[in-house]
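Undergrad: What follows is each chain in one-letter form.
2 protein chains.
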Amino acid sequence: MTRITIEQAAQYVGQRVVIPGWLYNLRKSGKIAFPILRDGTGIMQCVAVKSQLPEELFETIKDLTQESSIIVTGTVRAEPRAPGGYELDVENLEVVQRVPESDPYPITPKEHGIDFLLDHRHLWLRSRRQHAILRVRHEVVRAIRDYFDSHGFTLLDTPIFTPAACEGTTTLFEVNYFDDEKVYLTQSGQLYNEATAMAFGKVYTFGPTFRAERSKTRRHLTEFWMVEPEMAYATLEDVKQVAEELILHVVGRVLANRRRELETLGRNLEKLEAIQAPFPRISYDQAVEILKKKGSEIQWGGDFGGADETLLSEEFDRPVMVDRYPTAVKAFYMQPDPERPEVALGVDVLAPEGYGEIIGGGQRIHDLDLLLQRIREHNLPEEAFSWYIDLRKYGSVPHGGFGMGVERCVAWLCGLDHVRETIPFPRMLYRTRP
Amino acid sequence: MTRITIEQAAQYVGQRVVIPGWLYNLRKSGKIAFPILRDGTGIMQCVAVKSQLPEELFETIKDLTQESSIIVTGTVRAEPRAPGGYELDVENLEVVQRVPESDPYPITPKEHGIDFLLDHRHLWLRSRRQHAILRVRHEVVRAIRDYFDSHGFTLLDTPIFTPAACEGTTTLFEVNYFDDEKVYLTQSGQLYNEATAMAFGKVYTFGPTFRAERSKTRRHLTEFWMVEPEMAYATLEDVKQVAEELILHVVGRVLANRRRELETLGRNLEKLEAIQAPFPRISYDQAVEILKKKGSEIQWGGDFGGADETLLSEEFDRPVMVDRYPTAVKAFYMQPDPERPEVALGVDVLAPEGYGEIIGGGQRIHDLDLLLQRIREHNLPEEAFSWYIDLRKYGSVPHGGFGMGVERCVAWLCGLDHVRETIPFPRMLYRTRP
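These protein sequences, in sequence, are chains U and W.
Counting from 6, one number per residue, gives the positions in the first sequence under the numbering used here.
Counting from 6, one number per residue, gives the positions in the second sequence under the numbering used here.
Any given hint could turn out to be false.
[Unchecked claim] Part of the chain U face toward chain W, derived, beta carbon under 10 angstroms:
1) G89
2) T201
3) W230
4) L241
Read the hints as simulated data drawn from the structure, not as lab findings.
Ideal Cβ placement from N, Cα and C applies to all residues, glycine included.
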């Protein structure tokens with residue numbers, strides 16, 4: 006007999022199949038039992054009729070406990086009223102492991118506190134909402150990679166172990182390497198991306214990054230995934246265009262392939278369908294004016310806080326691109342605007358609905374003397390940056406790129422309150438287990 | 006005028022185009038100069054004829070230095086004798102940054118030592134061989150992801166920060182977390198994969214992993230990328246089948262899409278074209294017999310060293326699968342063969358041509374009591390494994406998976422002597438820069 010997954014049920018209507026999985030839930034009356042089966046690809050109601058089954062088997066089914074592993078044999082039937090559109094008429098059911106009543110599955114349909122759920126993350130992942138979120142995440146990752154792979158970018162994985170700090174050492178995790186040497190976990194692959202972009206033209210890196218921030222906000226993880234493209238012979242305008250195209254591609258793919266999961270999450274799909282080109286483009290100057298009118302205390306020259314980002318994004322129904330921030334608040338490598346050096350050719354993209362910055366990037370300094378000047382102004386160790394400086398000595402060109410955080414994107418697309426549910430095993434200030 | 010990449014030249018024959026890039030090399034006579042342009046997608050010979058260009062421009066071209074950044078305007082011409090099949094007849098050439106004679110590009114056509122090249126890795130990546138290797142790597146990564154994405158596997162990124170050791174602490178990198186807490190960098194996502202497989206059925210994780218081994222062999226990096234699939238309701242035979250399919254898929258894709266790069270590397274393509282199903286499958290017992298006949302000192306019960314792996318792989322023209330290793334030399338979670346508990350239901354796949362183990366995996370223990378017994382026998386802290394033990398309490402099923410190292414695969418496919426060239430910025434015992 007054919008072993009199938011619940012996702013494949015539509016192709017097997019009227020056929021006898023075997024589906025291995027777990028008992029998600031059980032409804033029963035005297036003469037009929039409805040084991041709800043989950044198998045990792047979906048959830049399906051099975052129908053076990055007492056009069057059609059051996060007595061012992063029906064009793065076994067009636068006594069099944071939540072999350073017991075079971076292999077169900079039966080015939081697929083189209084049932085428009087069923088959640089997935091199909092049901093399975095049970096002929097046989099093999100119990101692989103029965104969860105005993107004496108030690109029942111800890112996550113029950115009742116409400117649990119967030120600490121309890123995070124302590125049981127290894128099991129919580131089986132719940133319908135968590136399952137939906139992480140399938141959206143997979144689609145987001147695929148969409149990102151497909152976008153870059155089909156637009157001439159070469160993947161070059163930048164290192165996790167880095168000898169020097171990209172933007173200060175206070176938020177770096179220190180690793181004990183061999184023989185008392187210390188290395189740090191990467192916060193960004195950008196500097197390395199600049200080297201690979203000079204070798205490959207258009208590149209991206211996509212991996213975990215680390216920030217030792219003592220933040221307990223709903224937007225922070227200590228370990229998160231980031232995709233970072235970088236392009237040689239590119240300007241701020243090119244960076245904005247790729248950022249817009251990438252976001253449109255990701256939103257489109259999630260809407261096309263993960264609509265069912267978004268519905269499970271109760272996501273307002275109209276808000277995602279409104280994400281169309283062109284995205285509004287405003288300057289930092291304009292953003293400050295908008296924020297002041299809305300009551301923010303921000304003054305020209307200051308960086309936006311999370312509250313400012315939320316306030317700003319409320320003004321727009323799609324991601325907003327804010328460019329030309331004050332040079333003083335931005336990283337040392339940011340290219341100043343030649344016509345107005347007090348602002349840098351950088352851009353942040355803020356997601357709508359208060360989800361904050363999902364993309365930050367811009368054009369990098371390509372002039373050797375200016376870069377050296379900035380490194381000195383920021384009191385950075387020139388020796389540690391010698392390889393980075395080399396990139397301005399040997400065939401320097403205007404170039405730029407950005408970083409996009411996967412977890413914030415997923416939180417936005419899924420409409421979640423906190424990024425902690427967007428990664429299988431979140432790592433936070435006070436959370437390193439399981 | 007249209008800006009194109011060298012890779013796109015075939016579509017623009019007879020057309021005027023602009024190609025930004027870098028000077029890879031320059032040949033010249035009195036009346037003609039041949040700047041070799043590289044742009045990250047390929048290499049193209051340009052033809053600058055003195056009589057057809059302003060005098061000053063021709064002098065500029067003749068004086069170009071290696072790796073100067075240039076933007077070339079010209080007409081694409083098919084030229085069967087040219088390496089890429091096309092040449093560019095130069096009309097204009099803009100120098101973006103000229104590398105000065107006083108500080109020339111450090112990597113010249115002459116031979117350099119490996120330490121010099123690794124110290125200049127940020128520039129070495131521009132060389133033809135390194136470029137080819139890393140494009141093969143990109144194809145390998147894409148092929149791996151495409152295989153799993155199209156075979157019902159869900160991507161679930163397992164954590165890098167892990168509280169406990171998977172297989173002993175001696176080869177773990179320790180990270181200073183907050184408030185004097187210590188965490189470790191992951192050596193394998195497998196234990197977490199087992200949790201996600203119970204939630205999603207078929208899963209994979211694909212990210213960097215870390216081993217603090219004091220090894221200086223040609224097969225070891227301290228930071229390397231590994232893909233690890235895991236399947237619920239699966240046996241050792243399922244694991245072998247997926248491993249075989251995956252390798253065939255990767256080899257096929259690299260041969261189809263990166264043939265030019267393999268030729269650049271001088272790879273013997275016949276050896277890769279010989280990689281066809283079915284792969285030879287032998288037992289550990291048989292492997293020991295073969296090794297003894299070939300003069301190895303191995304005795305039944307011992308694990309294979311690198312030399313044994315090389316000796317064994319010489320016997321076959323394709324990857325060989327060796328299964329049922331002695332339980333005593335394998336990890337605590339390995340399912341013993343029910344008919345012969347002294348061997349475990351594990352499998353290693355050895356690449357041909359002496360490239361050693363590229364895959365290791367097998368079936369995991371799913372019985373609660375047996376797992377508890379093994380954890381005690383290995384003196385592992387039961388408390389730290391409580392979440393892993395939970396997986397055997399709540400819907401345990403037979404399951405298995407494997408890990409495949411990207412760098413060893415790329416080294417094999419490219420025919421390289423050392424894995425250090427298979428990753429953009431290799432990290433080794435004495436190498437953490439640039």
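Undergrad: For each hint, tell me whether it holds in the structure or not.
TA: Going down the list of hints, with the structure as the test:
1. G89: For G89/U, the interface hint is violated, since the closest Cβ of chain W sits about 15 angstroms away, which is over 10 angstroms.
2. T201: Constraint on T201/U satisfied, holds at 6 angstroms.
3. W230: holds (6 angstroms)
4. L241: L241/U check fails; min Cβ-Cβ to chain W is 17 angstroms, beyond 10 angstroms.
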